[in-house]
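Can you build the whole structure from these sequences, using the hints too?
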Amino acid sequence: MMISQMNQAQLLHWIDMVSFAVVEITEYLDTHPCDEEAMKYFNHYADLRRTAMRAYAEKYGPLTIDTANPDNYWQWASSPWPWEGGNC
Amino acid sequence: MWNYEKRLQYPVNITRPNAKIAQIIMSQYGGPDGEMGASMRYLSQRYSMPNRKVAGVLTDIGTEELAHLEMVATIVRQLTKGLSAEELEAAGFAPYYVDHTAGIWPQAAGGIPFNACEFQSKGDAITDLFEDMAAEQKARTTYDNILRLVKDPEVSDPIRFLRQREIVHFQRFGEGLRLIQDDLDSKNFYMCNPEFDPGCGKQSGKSNR
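Just so you know, the protein sequences line up as chains A and B, in that order.
Counting from 1, one number per residue, gives the positions in the first sequence under our numbering.
Counting from 89, one number per residue, gives the positions in the second sequence under our numbering.
Derived from the structure by calculation, the hints contain no laboratory data.
The reader is advised that the hints may include incorrect statements.
[As the list claims (entries may be wrong)] Listed below are the simulated BS3-like cross-link pairs for lysine-lysine, each with C-alpha atoms no more than 25 Å apart in a straight line:
1) Lys108(B) - Lys239(B)
2) Lys226(B) - Lys239(B)
3) Lys141(B) - Lys40(A)
4) Lys108(B) - Lys169(B)
5) Lys290(B) - Lys275(B)
6) Lys108(B) - Lys59(A)
[What the hints assert, rightly or not] Label-pair restraints from in silico Cβ distances:
7) Met17(A) - Arg104(B): 22 to 28 Å
8) Arg140(B) - Gln10(A): 37 to 43 Å
9) Asp35(A) - Gln269(B): 17 to 23 Å
10) Asp187(B) - Arg54(A): 39 to 45 Å
11) Asp187(B) - Met39(A): 48 to 54 Å
Every residue, glycine too, gets a C-beta built ideally from N, C-alpha and C.
See the structure below:
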C-alpha cells in the first residue's frame with residue numbers, strides 16, 4: 001500500500017516499522033562502520049522514514065518539531081500524547 | 089542535545105487495567121535493572137570513553153533506553169488509569185497510591201526508590217562495558233520474570249519487544265568491548281586504563297580510528 005492511501009493508524013504503524021529499522025541499523029553501524037550493505041539498508045529506510053514523517057505531519061500533525069509547519073493553530077501540544085493509547 | 093518524537097518506539101494499547109501487574113512492571117521504570125538506570129548508565133559512561141565508535145554505541149543505545157523508559161511508563165499508566173482508590177487498594181497498590189496517587193514515579197516493584205547506585209560509571213572502558221553487558225542480561229531476566237507473571241497479551245506483547253532489545257544491545261556492547269580490547273596490548277589488557285592513562289594502548293594516539 002502506498003503511504004498516501006494509509007489511514008492514520010496504518011501510517012503510524014509504518015513509521016514505527018521503518019523507524020525501528022533505522023534505529024537497529026544505526027546501532028549496528030556504530031560497531032561496523034565499513035559495512036556497505038548495512039549503509040545501503042540505512043539509506044533505504046532513512047529515506048522511507050523521512051517521507052512518511054512528512055506525510056504524517058501534513059495530514060495528522062507533526063511527530064517531530066522538524067516536521068511541524070504551523071499555520072493558524074499549534075497542533076504539537078494539543079494532539080494526543082503517545083501514552084494516551086488508542087493512536088495505533 | 090535531544091529531540092522528542094511524539095510516538096512510542098513500539099505501540100502500547102492496554103484496555104484492561106490491572107494495578108497488580110502495574111506494580112510489577114514499574115520495576116523496569118525505576119528498579120535496579122530498569123530503563124532509567126540503563127539510559128543514565130550509558131549516557132553517563134560515554135564522556136570518558138576513549139573509542140569514538142563505542143561512545144556512539146553508548147549514545148545511541150542510551151537514547152533508545154529513553155524510548156523504552158517511556159514505553160514502560162505508558163504500560164504502568166494504562167494499567168492504572170481510571171481505577172478507584174478501592175480498586176487500587178484491592179490490588180495491593182495502596183502503599184504506592186498514598187504517595188503518588190496514579191502518577192508515575194521511579195521505584196522498584198518492592199517500593200525501593202530509584203537511585204544512582206543502581207548503575208556505575210567507573211571511568212574504565214573494560215569495567216564499564218562488562219557492566220553494560222551484565223545490565224542487559226539482568227534486564228532480560230527481569231522481562232522474562234515479568235512474562236511469567238503477565239497473561240494479558242496487550243501487556244506481554246510490548247514486554248516481549250523490550251526483552252528482545254536487551255539481547256541485541258548485549259551483542260552491540262560485546263562488539264564494543266572487542267573494539268576496546270583491539271586497541272590494547274593483547275598480552276595484558278589491564279596494563280593501563282585507556283580512559284585515564286595518557287598514551288594507553290598498543291598504538292598510542294590511534295585509539296579513535
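Here's how the hints hold up against the structure:
no.: 1; hint: Lys108(B) - Lys239(B); verdict: 12 Å, holds
no.: 2; hint: Lys226(B) - Lys239(B); verdict: 22 Å, holds
no.: 3; hint: Lys141(B) - Lys40(A); verdict: 19 Å, holds
no.: 4; hint: Lys108(B) - Lys169(B); verdict: 13 Å, holds
no.: 5; hint: Lys290(B) - Lys275(B); verdict: 10 Å, holds
no.: 6; hint: Lys108(B) - Lys59(A); verdict: 39 Å, violated
no.: 7; hint: Met17(A) - Arg104(B): 22 to 28 Å; verdict: 26 Å, holds
no.: 8; hint: Arg140(B) - Gln10(A): 37 to 43 Å; verdict: 39 Å, holds
no.: 9; hint: Asp35(A) - Gln269(B): 17 to 23 Å; verdict: 20 Å, holds
no.: 10; hint: Asp187(B) - Arg54(A): 39 to 45 Å; verdict: 44 Å, holds
no.: 11; hint: Asp187(B) - Met39(A): 48 to 54 Å; verdict: 50 Å, holds
The structure fails hint 6 only (numbered hints given earlier).
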